[in-house]
Amino acid sequence: MSVRVQPELRNQLIQFGIGDWNACYHCGTCTAMCPLSEEGFLFPRKKIRLMQMGLKDELEASVEPWLCYYCGDCSTSCPRDANPGELMMSLRRYLTSIYDWTGLSKKFYTSEIWELGFILVFAALVVLSFLVILPSFGINFTRDLTPEGGVKINSFAPIHIVETFDWIMAAIVASLLISNILRMYYKIIWKYGNTKVSLWVHIREFWLLIFNFVVQPKFNKCTDKRYWLSHWFLMSGYTIMFIVIVVYLPWFQTEKILPAWNPQRSLGYYATFGLLFGLFVAIIGRFQKKDIKFQFSHISDWLFLAMLTLTATTGILIHIFRINGMAVATYVSYIAHMAVLVPMILIEVPFSKWSHLAYRPFAVYFQQLKKYAVPR
Amino acid sequence: MNKPEATGIFFYNPAGLLPDPVNYDELLLYSLGFPEVVKTWTYHEFIWNEKSIFKKINENKLERIIIAGLLPGTVKALFSKTMALAGKDPEKVYLASFNDYFTGSSIDADRYKAVLACIIKGVPYEFAGIPDDLPVNPATLVIGAGIAGIQAALEIAYSNNLVYLVEKSGTIGGKMATFDKTFPTLDCAACILTPKMVEVNQHPHIRLMSYSEVREISGLPGNYTVKVLKKARKVNIQTCIGCGTCAEKCPAQAPSEFDAGTTLRKAIYIPFPQAVPNKYLVDAESCIYLKNGKCKACMKACPVPDCINLDEQDSEVSIEVGNIVVATGFKPFDASRMSQFGYGRFPNVLTSLEFERLLNASGPTGGNIHLRSQDKKGNRIFNQASEKPEKIAIIHCVGSRDKNYNKYCSRVCCMYSLKFSHLIVEKLPDAEIFEYFIDMRSFGKGYEEFYERIKEEDVAIIRGKTAKVEEAGNKLFIRGEDILKGEILENVVDMVVLSVGLEAGEDARSISRLLKIPINEDGWFEEAHYNLDPTGTCRGGIFLAGTCQGPKDIPDSVAQGSAAAARVIQSILKGRVRNDVASVSLLQVEEKIKELSSVPI
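Just so you know, the protein sequences line up as chains A and B, in that order.
When we follow the numbering used here, the leftmost residue of the first sequence carries the number 1464, and every step to the right adds one.
When we follow the numbering used here, the leftmost residue of the second sequence carries the number 261, and every step to the right adds one.
Certain hints may be false.
[What the hints assert, rightly or not] Each computed BS3-like pair below joins lysine-lysine, with the alpha-carbon atoms no more than 27 Å apart:
1. A/1833 / B/667
2. B/728 / A/1753
3. A/1659 / B/745
4. B/745 / A/1752
[As the list claims (entries may be wrong)] Here chain A is said to cover these stretches of chain B; the calculated rule only asks that three of the stretch's residues, wherever they fall, bring their Cβ under 8 Å from a Cβ of chain A:
5. 423-434
6. 654-664
7. 716-729
8. 744-750
Just so you know, the hints here were simulated from the structure itself, not pulled from any lab data.
Predicted model, so just to flag it, every value in this text is computed and none were measured.
Backbone N, C-alpha and C define an ideal beta-carbon position, used for all residues, glycine too.
Chain A extracted, bound-state conformation (with noise of 0.2 Å):
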């Protein structure tokens, strides 16, 4: 098979990032000051040099993108300022343009206009939703109180309502994802190279994509192992808030106050600390810039955040005005988390940063698969 290099493909990849990358010399200091760079999965540079040739399809079948954690080491050291450390994190970015069929994810990443149009197009939805269609089904803004003294939740968001329309939400979300890893392995594994992998490696190394999917060992074996924990605790409290409020939403929105130390309580207590945490560090990183990792935000990296801390923000208000009995207060803050957190997982999910939740653990699944593909 012919090789096609495609130059232009430089220009396409500056939208999804900034980095001089071009003035690259191939010295492979960033590959060898790289910790998780290893034998047969070699970056930043080999990627550098698929780039700078324009290497479109042996770029698009790479999972080392999702190997790399961002700890800068390789920018820093890097003898011509050329960025390799940003370029990964804006490969990472094509990569989820280039996995979605759609052709949504790249408007998302390239069009200001269109993420921030959206995101308010799907706002203005629930809102609407909330003010005309809900109240037709019957629901109305009472503002009876439980006898504890809190606000009657379910009656203005009816469970079955809400979780009705949680699944639907979940089914759309869900069926993207799996499609686009689906594609994903389709150009990784399937598509690449003269070599097949056997079902029972499939089988057997199944287990790594659970374990990183909860640990993330690679992001520990950065030289820089600050942000391993802050990462975890947003990753796990976004996680239980996620499974929470999809599946055992009826356990968790109660009418009756529980005590503090339900499980459903503290649960919802720590999903909400993990996520402030991991918030506050990547918000300050992020105005701070001392960090390589955080020093070239992208409008998604903003976006997502802010959508992430105004869910949370809130989802934490709700709570206090429900306890305290505020009924109106209540319902504003629960159609305001609603609205921000809906389009957050529409677009996040399947098209934008937050997608790197599936992608980064099948690509170590991925990436040992490869290990032990065999000629065809």
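Once you've looked at the hints, dock chain B against the given chain A.
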């Protein structure tokens, strides 16, 4: 005289290409004062493409274009092509290059105006902007007695003219004297240099002033008065017989500058056995008497009465010279700045200068390669008792071609690293050698052939610079990417040699202020013209030689030393020396232009 042609002036100075010292408003006004000039454009006033230029040419009916600015030649092709497209004469694109004639040195609007006026009027600046000649004193001052300074001094002295050769350290010879072999011929550096050093010492026309520094320079070109500080040597250079009895008795020790710190010398010492002048000197920093007021062991031991005078003070002498050759040389890059390579932390990470001494037969181990160990006092020293390394890695480009340190290429490191490989193969035939390089720059005569020869000598030459050196027990662990093979190379070696680059000498800045010659952002002295006058400066009667002007190898330094000498001898023969570039006023240039342009062609 032809009738004036409609001229447009485009000012070319893309931001970031060069620092912009030009006040454009002033230049615009000035150039519009000429009747030929129809219109002018600054860099940001239009788009630099054919379409836009084409429009400008047609709108203003331009017959002639001048591109003025820093490095305007880079865009000349674009204008020539567009002129042709517009049906005009493509030859009528002229460059007013502000880099030439004084290399951005003087931020002097008048000089730019003069260049512009010359181009507008079609008179070469070389004719209109010539400074006056001044009478010249035949004596010459050479600052720095490395190989370039020695060469310049000898050339001038052999033309029977007086040369003052001022050297900062205790011996002449400079960095070359410390080298073991030269590339690519593998000549013994000392064997070819020391005869020249002796020649300098014995030459009737050379006044050697070692252990001295230039303090003050005044006067006009051709007639400089120079004050030289003679640092107190504390040993009478006339009566010292160089027997060494004093050093035997001296109790104080310090690292030897000549041996790049690999050996210890006494407080009273000669830098190395072949030093010129071969006389002892006292290092005031480490002398016990000068610190505590007690000792004088050397004075008691000296067989010559009143030869050593530890109370001697610095003195100053004043000399009159006509020309000055600056040959102050370089300093090696301080490898401890790149902490990832562990220089200073790990005893067996060496700089190239240290390794050069280690290889040298007069070095710490008599020319045998041994690992560095610690003595009883904790000093890290080389001695013959410690083991020989089995694996040696040589890392190129340390401190060079790196935007975090020096962005330029130091030119010599690739070649001396290859030379190291060869010498190691010679001395330790069983040792494994790894060269980590980025690009192999074997640019000179015979250099590529030398590289080919080393490649056949069982040396692993690996494309890919290592990132860091770590300790692994007694050994050193280095990790690098072999770019051509596409794999990570993890290697445990006994010794790492860092091929450090060249940096401008630490006193380059002060000398630049003293002589009023500019230095560039890296600290190298600016020459008068990059291509056509690499030895001259913007000042009259001051010339450059050797590595003070930019990284250079030995043949180039010698050539430039001779070239500088030729310029000096030229002015002595003529009896006159050209004044500073800045001495010509704009008015003078304008008058000269009038005079020259009235001559019918």
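Among all the numbered hints in the text so far, which are the ones the structure does not match?
-> 1, 4 and 5
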